Amino acid sequence: MGSCDPVLLACLATVLLPLLAFALIMIFTWRRPNLSLAISLTASTIPVIIAWTLFFKLDVSKPIIYNFDWLVSETVKVPFGFLLDPTSMVMLVIVATISWLVQIYSIGYMSGDPGFGRFYADLSLFALAMLTLVISSGLLQLYIAWELVGLASYLLIGFWYEKFSASEAGKKAFVVTRFGDIGFFMGLVFLTLFYGSLDIASVNSAAVAKSMPPWLITTSALLIFCGIMGKSAQFPIHVWLPDAMEGPTPVSALLHSATMVAAGVFLLTRIFPFFAASATAMTVVLCISTITLILSSTVGMVATDIKQVWAYSTVSQLGFMAMGLAASGLAAGTLFPGYYHLTTHAAFKALLFLCSGVFIHHFGTNDFFTMATNGGRKLYIPMVTITIASLALAGIFPFSGFFSKEAILGALAQLDNKMWLILGLFGAFLTAYYSFRVIFVMLFPKPGAYGKVPGHVEEEAHSHGGHGHDEGHGVPWVMSFPLLVLAFFTCILGFCQEYLQKFLLGEAHPHHIEYTLLFSAVGCALGGIALAWYDWGRKDAKCVGFISKFPALQNFFIQKWYMDHFWRWFLNTFIYGTFSRIFTYNDRRVVDGGVDAVAFSTIGSGRLLSFLQTAFVQLNMLFMVLVLAGVGLYLLMGR
Amino acid sequence: MTEHAATFPVLSCMLLAPLTGLVILLLLKENQKFLIRAVSLIAAGVSLGLALYTFANYDKALGGLQFVEKYEMVKTFGITYFVGVEGLNAPMLLLTGIVIFTGVLTMWELEVRTKEFFIWILALVTGVFGVFMSYDLFMFFLFYEIAVVPMYILILVWGSTRKEYAAMKLTLYLMAGSGLIIPGVLLLYASSGLGTFNMVALHGAHFSPWVQKVAFVLLFFGFGVLAAVWPFHTWSPVGHVAAPTAVSMLHAGVLMKLGSFAILRVAMFLCPEGFQYWAHLMALLATIGIVYGVFVGLAQTDLKYVIGYSSVSHMGIVCLGLSTGTIDGINGSVFQMFAHGIMTALFFSSVGYIYDRTHTRDIHELGGFSKIMPIASAFFITAALCGAGVPGMASFWAELLVFIATVKVYPVNGLLAIAALVVGALFALRVVQSTFFNTPNPKFTHFEDVSPFLGLPRMILIATLVFFGFFPQTMVGMIKSAVVPFLQGM
Chain U
1 MGSCDPVLLA
11 CLATVLLPLL
21 AFALIMIFTW
31 RRPNLSLAIS
41 LTASTIPVII
51 AWTLFFKLDV
61 SKPIIYNFDW
71 LVSETVKVPF
81 GFLLDPTSMV
91 MLVIVATISW
101 LVQIYSIGYM
111 SGDPGFGRFY
121 ADLSLFALAM
131 LTLVISSGLL
141 QLYIAWELVG
151 LASYLLIGFW
161 YEKFSASEAG
171 KKAFVVTRFG
181 DIGFFMGLVF
191 LTLFYGSLDI
201 ASVNSAAVAK
211 SMPPWLITTS
221 ALLIFCGIMG
231 KSAQFPIHVW
241 LPDAMEGPTP
251 VSALLHSATM
261 VAAGVFLLTR
271 IFPFFAASAT
281 AMTVVLCIST
291 ITLILSSTVG
301 MVATDIKQVW
311 AYSTVSQLGF
321 MAMGLAASGL
331 AAGTLFPGYY
341 HLTTHAAFKA
351 LLFLCSGVFI
361 HHFGTNDFFT
371 MATNGGRKLY
381 IPMVTITIAS
391 LALAGIFPFS
401 GFFSKEAILG
411 ALAQLDNKMW
421 LILGLFGAFL
431 TAYYSFRVIF
441 VMLFPKPGAY
451 GKVPGHVEEE
461 AHSHGGHGHD
471 EGHGVPWVMS
481 FPLLVLAFFT
491 CILGFCQEYL
501 QKFLLGEAHP
511 HHIEYTLLFS
521 AVGCALGGIA
531 LAWYDWGRKD
541 AKCVGFISKF
551 PALQNFFIQK
561 WYMDHFWRWF
571 LNTFIYGTFS
581 RIFTYNDRRV
591 VDGGVDAVAF
601 STIGSGRLLS
611 FLQTAFVQLN
621 MLFMVLVLAG
631 VGLYLLMGR
Chain W
1001 MTEHAATFPV
1011 LSCMLLAPLT
1021 GLVILLLLKE
1031 NQKFLIRAVS
1041 LIAAGVSLGL
1051 ALYTFANYDK
1061 ALGGLQFVEK
1071 YEMVKTFGIT
1081 YFVGVEGLNA
1091 PMLLLTGIVI
1101 FTGVLTMWEL
1111 EVRTKEFFIW
1121 ILALVTGVFG
1131 VFMSYDLFMF
1141 FLFYEIAVVP
1151 MYILILVWGS
1161 TRKEYAAMKL
1171 TLYLMAGSGL
1181 IIPGVLLLYA
1191 SSGLGTFNMV
1201 ALHGAHFSPW
1211 VQKVAFVLLF
1221 FGFGVLAAVW
1231 PFHTWSPVGH
1241 VAAPTAVSML
1251 HAGVLMKLGS
1261 FAILRVAMFL
1271 CPEGFQYWAH
1281 LMALLATIGI
1291 VYGVFVGLAQ
1301 TDLKYVIGYS
1311 SVSHMGIVCL
1321 GLSTGTIDGI
1331 NGSVFQMFAH
1341 GIMTALFFSS
1351 VGYIYDRTHT
1361 RDIHELGGFS
1371 KIMPIASAFF
1381 ITAALCGAGV
1391 PGMASFWAEL
1401 LVFIATVKVY
1411 PVNGLLAIAA
1421 LVVGALFALR
1431 VVQSTFFNTP
1441 NPKFTHFEDV
1451 SPFLGLPRMI
1461 LIATLVFFGF
1471 FPQTMVGMIK
1481 SAVVPFLQGM
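Residue numbers (this note's numbering), protein chains in the order written: chain U, 1 to 639; chain W, 1001 to 1490.
What the hints contain is simulated information worked out from the structure, not anything from laboratory work. Do not rely on the hints blindly, as some may be mistaken.
[Claimed, not checked] These stretches of chain W come out as covered by chain U in the derived footprint (C-beta under 8 Å, 3 or more residues):
hint: 1; segment: 1103–1117
hint: 2; segment: 1289–1298
hint: 3; segment: 1326–1335
hint: 4; segment: 1364–1371
Computed from a predicted structure; not experimentally measured. C-beta: ideal position from N, C-alpha, C; glycine also.
Full structure from sequences and hints, please.
Below you can see the structure in the form of C-alpha cells.
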C-alpha cells in the first residue's frame, strides 16, 4: 500500500539503508575496509539528503503518520510506523547530519585500524536505530529502537575490546542503562494495560487524563523517566557516560554527546504533554536534573582528561535541558527552551569532541595539559573551532549556546521558587569556568607549571599519535571538514531561534528581553571565564584551580562524588555478595544436595538389604522354605 | 476442534524420515563415515523440509487440526495413531527440524563411534517429533519416553565432565517425572469412562473438579521436571555440561520444550479447572525460576553452566506465560519455547566449537576470542545478546508478550520478572566480556576460526532468530490461531 507515496518511501529508505549497510558489512565485507566504508557512507549520505529535503519541503504543521501492523496479539498490539511532525523533523536532521559528519571524520581518525569495517557496521547499526527512534510513531517501537541504540553504544564503547577498561565500560554502559530501561518498560506496560494505546499522538492527547487516574499517570511518567535517566545520564545513574569515553572519539562525539544521550531528552519532548500532565513527575525531574547539573559541573572542574571534561559537561548540559523542560512543564510553558538547547548543544558538543579527537589523534594522549605543553595550539583549525565551541558552551554572545541557555534560564525564571534559577545560573558559571580552563591551558601553556594539578602526570607525548600518521602540519581534510561545518552551525544556530520556534510551535513568540536575567546570565558566564583566566590563563597563574583551597571538596570532586564507589559497593554487596551467593549455595547444598541425599540414601538402603544376600545357599534355601511355609500357612488360615 | 484429514501423509513422513535414516545407518559400517553423516543429514533435512512445509501451508484462517492422520492401533484400549498440526505444535515441529538439521551439521567432525551416535540422535528425534504431533495420550507418552531414553546413552558415551553422574542423575530425574505422569494419565483415562486415549475426545469428557486438580498437579510436576521448573531444575545444568554439543543443542533446544509443551497440551488442555486451581503456584515457581536462574548463573564460571542456568531462567518465562492463561501469555510462551530453542542451540553449538579445540570452558581461562576466532565469537555474542533480550531477535517479542500478560494477571510476579532482566543482561555480558574480549590467552591463539561449512548451521540459527525478530507476526499469528479456540475450550 502507498508504494507511490514519496514521503513514506523516504522514511523507509532512511531506516532501511543503514540496516542494509550493517547487514552487508557484517556478513560480507568486514575484512575489506574500503568497500565497507563505501557501503556505510552511501547509506548515511542518502538519509542526510532526505532529512534536509523533508525539513525544508514538507509541511508538517499537521503531523504525517503511517502505521502498519507489526505484531498483533490480544492486548499487545505493536504497530510499525512513522510520525513526521516538527519535533521529529528537527531531531531527524540533527541525527542524520551529525551521523554523516562523524562517518566522514572517522575516515581519518580510524584509518589503519584493524576493525575498520566493523566500526562502520556498528555506526550503521547506530544510524538505523537512532533514525528509527526519532521518527517512530509508537512508544513501543521507540523503545525497541532505544534498546538497539543501547546495543550499538555497547558495541562501540567496547570497540577496542582487547583493552579491559573498554570492554568493562561497554558492559557498564549497557547494564546501567538497562537498569533505567526496566523502568521505561514497566511504564510502557502500565500504559498498555491501563490506557490501551502506546501511539505517541494518542498518549499526548487529553484522553489520557480522562482514562487514567492522576497517580497512575505520575507513576507511569516517573517510570518512563527512569529510562530517560539511564540514557541521558542523569543522577544517580549517570556513572556510565564518563566511562563510555573509552570508545573511539568519533563515537563519543556522535553517541555520547550529540545524539544518543540526547535521546532521553528527546523522549521527554516527544511525550511532553503527557509529562506535563503530572506536576509531581515534573518536580522530580526538576530536582534530579538540577542535582545532575551541579554534580557534573563540579567534577568537570577537576578532570585532567579532555574527554572526561566534555563527558561531564555533556551530563551537565543534559541536566540543564531536562531542567528547562521540567520548568516549562510546571509553568505551562512550551517544550521550546529545552529542545532548542538540545539542538545547539548537539552541534557545539559534537564539535568539542571532534576537535579533541584531532588533538588526541595527534598527540596520542587524552591529558590536555600534556597536549598543551606539546604545542597543541599550533593545530590552527581545531584550536579555533574548539574555542568557538567553548564560547558557545559557556553561553557567550553571539554563539548558539548563548541563545539557548537564555531560553532555559527564562523558563526557570518563570517558576515561583527562584532557587532553581539561582542554581541554573550557578551551573552556567561553573560551565564557563571548566570549559575555559581547558581553553586557557591549551592556548597559553606553561610547561612545568602543571606538576601540582591532581591527576596530571608529566609525560613525553609521542607526537603524531599512535595511529602511524605522519603529517608534519595540519590535519587531513576529512577530519577538518566536519569541524568547519559544525563550527558554522554553532555560529548561526543562535540566529535561527525565531525560525525554529515557528517551525516547532507553529508560531513565533515575540522575544521580549528581560535585561536583569540577561545581564545576570552573561555576568555568570563572564565571571566563570574570568576566574578561569585568573587560575589558568594569565602569565603568573598558579595553575592549581581555586578549588584547591578546599582540599576536602576538591578530593570529593576528583572522586566524582563517590558515585562509582557507591555502585561498585552496591553491586558487590547485594547482587554478587548476597543474592547470587545465597542462591548458588542453596542450589548446590539444599536443592541439589537434597536430591543427591535421596539418591545416596537409596543406595545405602540397597547396601543394607544386600547384607541378606550372603551367598550361603543353605541359608537362602532356608529362607525360601520359611517364606513359602508362611505363605502356605496364610492361605490355609485364610480358608 | 475441527479436523482436516491430510491428502498426503506429511506428518508420517516427517516421523519416518529419521526412522528410515536410523535403519539405513544400522546397515552401514562404522568406517563409512561420510555416508553415515550424509544419511543422517538427509534424514534430518527431509524432516526439516516437511516441517517447513506444514508451517507454511497451515491454513490459519481455517484453523483447527490439519494434516490429520488417524489409524487405530489397539482397539481394546482405545489407542490410536492420531497425528495433526495446529498453531501450537507447528512452531515446535519447525524448531525440532531446525535444531536436528543444524545439530547434525555441527557434529560433522565427530570421529568416535560416529554410527552409534547418529543412530541414537535419530532415535531421539523420532520421539520428539512424535510427541509434538500426537493427539493420542498413549502415543504421546510413548514417544515422550522414546525421546528421553537415548539421552542417557548419548551423555554416557560421548559426554565429558562427570558424565556418568550427569547421565544417571538426568535419567533418574526424568524417570521420577514419568512416575508422576503415568498415574496422571491413567487417572484421566479411567475417570473419563470413554475408553479412549484420544485427547480431543478426552477434552470433552468434563472431568470432575477434584480429578482435574489431582491430575493437573501430577502432570504439571511430571512434565515440569523436563521443563526444568524450579526446584526440579538441577539435573539440567549438570546434563548440559556433560552432554556432547549436538546433544546439548537438542536437549536444551528441544527436549526441555517437550515438558512445557506437554504442560500446555495435556495438563492445561485436559484439566482446565485444575489449571485454574494451581495457576498461582505455577506462576510462583516460574517467577522463582526466572530470578533464581539469573542469580545462580551470575556466579558460574563454566560456560555451559552459565547457559544451563540461563535456560532455567528462560524456561521460567515459558511457564510464567502459561500460568497467565491469557492469549498474550500463551502466545508469548509458545513463541518463547521456539525462540529459546533456537537461541540455546546457537549457544551450545558455539561453545561446542570452542570447547572442542581448547578443552576448557572456564571463562577465566578463555579470553580475547574475538581476536582468535572472530566468526565463532560473533555467533556466541549474538546468542548472548538474544538471551539478554535485545530487540531484533525473536526472544524479545516472546518476553514482551509474556511480561505484559503477567503484569496484568500477577502484577508482583510480572514486575519481579521484568526486574530480573537487568541481572540477565549483566549475566550475559559478563560471560561475553571475559570469554571474548580482553587480551587473548596465548595458549589458544593458534586455533582456526569456523570454516564456512561449520559456520552454516550457526548462520541458519541466527537467520531464524533474526527473521522472527523482524517478522514476529508470522509466528504470533500462527500460535494465536490455535490459542484463541484453546482458551475458549477452557
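Evaluated hints:
Here the segment 1103–1117 of chain W counts 0 residues with a CB under 8 Å from a CB of chain U, which misses the bar of 3, and the coverage is violated. Interface restraint, the segment 1289–1298 of chain W with chain U: holds (4 residues with C-beta to C-beta distance below 8 Å; minimum three). Under the rule that three or more residues need a Cβ within less than 8 Å of chain U, the assignment of the segment 1326–1335 of chain W holds, with 5 such residues. Interface restraint, the segment 1364–1371 of chain W with chain U: holds (3 residues with C-beta to C-beta distance below 8 Å; minimum three).
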